Amino acid sequence: MARLNVNPTRMELKKLKARLNTAVRGHKLLKDKSDEMVRRFSLLIKENKRLRDEVEKELSETLRQFSVARSVTPAYRAETAFAMPSVAVKAECGVKSVMGVEVPKIGLVNEKTTDGLPYAYPEITSEADYSVIKAAALLPKMLALAETEKTVRMLAEEIERNKRRVNALEYVMIPQLEETIKYIKSKLDENERAAVIRLMKVKNKS
Amino acid sequence: MTGKIAIIGDGDSIMVFRAAGVATFPAENEVKAREVLRKVAKDYQIIFLTEELAKPLTEFLKRFDEEPYPVILSVPSKNGSTGHGTELLKSAMERALGVDILFNN
Numbered sequence: 001m002a003r004l005n006v007n008p009t010r011m012e013l014k015k016l017k018a019r020l021n022t023a024v025r026g027h028k029l030l031k032d033k034s035d036e037m038v039r040r041f042s043l044l045i046k047e048n049k050r051l052r053d054e055v056e057k058e059l060s061e062t063l064r065q066f067s068v069a070r071s072v073t074p075a076y077r078a079e080t081a082f083a084m085p086s087v088a089v090k091a092e093c094g095v096k097s098v099m100g101v102e103v104p105k106i107g108l109v110n111e112k113t114t115d116g117l118p119y120a121y122p123e124i125t126s127e128a129d130y131s132v133i134k135a136a137a138l139l140p141k142m143l144a145l146a147e148t149e150k151t152v153r154m155l156a157e158e159i160e161r162n163k164r165r166v167n168a169l170e171y172v173m174i175p176q177l178e179e180t181i182k183y184i185k186s187k188l189d190e191n192e193r194a195a196v197i198r199l200m201k202v203k204n205k206s
Numbered sequence: 207m208t209g210k211i212a213i214i215g216d217g218d219s220i221m222v223f224r225a226a227g228v229a230t231f232p233a234e235n236e237v238k239a240r241e242v243l244r245k246v247a248k249d250y251q252i253i254f255l256t257e258e259l260a261k262p263l264t265e266f267l268k269r270f271d272e273e274p275y276p277v278i279l280s281v282p283s284k285n286g287s288t289g290h291g292t293e294l295l296k297s298a299m300e301r302a303l304g305v306d307i308l309f310n311n
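Chains G and C supply the protein sequences, listed in that same order.
In terms of the numbering used here, the first sequence opens at residue 1 and continues consecutively.
In terms of the numbering used here, the second sequence opens at residue 207 and continues consecutively.
Just to be clear, a hint being listed does not mean it is correct.
Each computed DSS-like pair below joins lysine-lysine, with the alpha-carbon atoms no more than 25 angstroms apart [unchecked claim]: (1) Lys261(C) <-> Lys238(C); (2) Lys90(G) <-> Lys163(G); (3) Lys245(C) <-> Lys105(G); (4) Lys296(C) <-> Lys141(G).
A few chain G residues facing chain C, derived, Cβ under 8 angstroms [what the hints assert, rightly or not]: (5) Lys49; (6) Val72; (7) Val152.
Calculated directly from the structure, the hints in this document are not laboratory data.
Values in this document were obtained by computation on a predicted structure and should not be read as measured data.
Idealized CB from N, CA, C, for every residue including glycine.
Go ahead and model the full structure; you've got the sequences and the hints to work with.
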């Protein structure tokens, strides 16, 4: 491991020792952070998998049901029936922090409408009604999935970044500092010995 | 803050969500979807994207992972799930943990 390019003086030695101290402490903290992030990540990803499986199953079912139901009515009539939505769902978007990572927090704002269906009944078959209701009921779950999945992705990125930091400290920074400190120490010792010898020689001459 | 929800997909898959009150943006292929997405991402906080469109755009979608919003989620279309969502999950897990703790295959 290459040592740093510094002058072997007492001053530098002191500075380097302080830096090494900080690096070791930082390394420990980051490592703890990494451990905790991994723990949370593994919990989150299990939750994510469960939600995704559920949403995928229900959603494909709903969509298939709807496309069958819709095919009964001519395309242009379905188009006009669905052209004007009477409700607009909104989501409450906040931000929360998971281990210092800003992640989204989503809640559904409930604007309850009485009938919920934005079209007149004679236009569309009743199967379509069911799938619309089902899709609306599925939305909160989809939002929850969106939140968890984004969190998982962001956390994965942060874990990766953090791992890189930990490794840089552990395998580059700390060994480098240690090696440099050793080098300066041996240099200083050598200077001291040289000074003693010089004094002895000078004394012998006289 | 109140966010708006949008869905991008082919006409049939998204019509049902229009009735449920989600803003819909039709896109028949990934080129169109990318265009629509770029526009929609500014105004909508939560965007659902059907898997057929999300799959070719995986690289493009990565840039949205830096910020909490917008959240882009791939959902199955009327043709059923292609397993793309699970794949994304798997790659995130492998990147973060280095091992597979869910699927074990």
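Results of checking the hints against the structure:
1. Lys261(C) <-> Lys238(C): 14 angstroms, holds
2. Lys90(G) <-> Lys163(G): 38 angstroms, violated
3. Lys245(C) <-> Lys105(G): Between Lys245(C) and Lys105(G) the Cα gap is close to 23 angstroms, so the pair holds against 25 angstroms.
4. Lys296(C) <-> Lys141(G): 21 angstroms, holds
5. Lys49: 5 angstroms, holds
6. Val72: 13 angstroms, violated
7. Val152: This interface hint holds because 6 angstroms falls under the 8 angstroms limit.
Comparing the model with each earlier hint shows violations of hints 2, 6; every other hint is respected.
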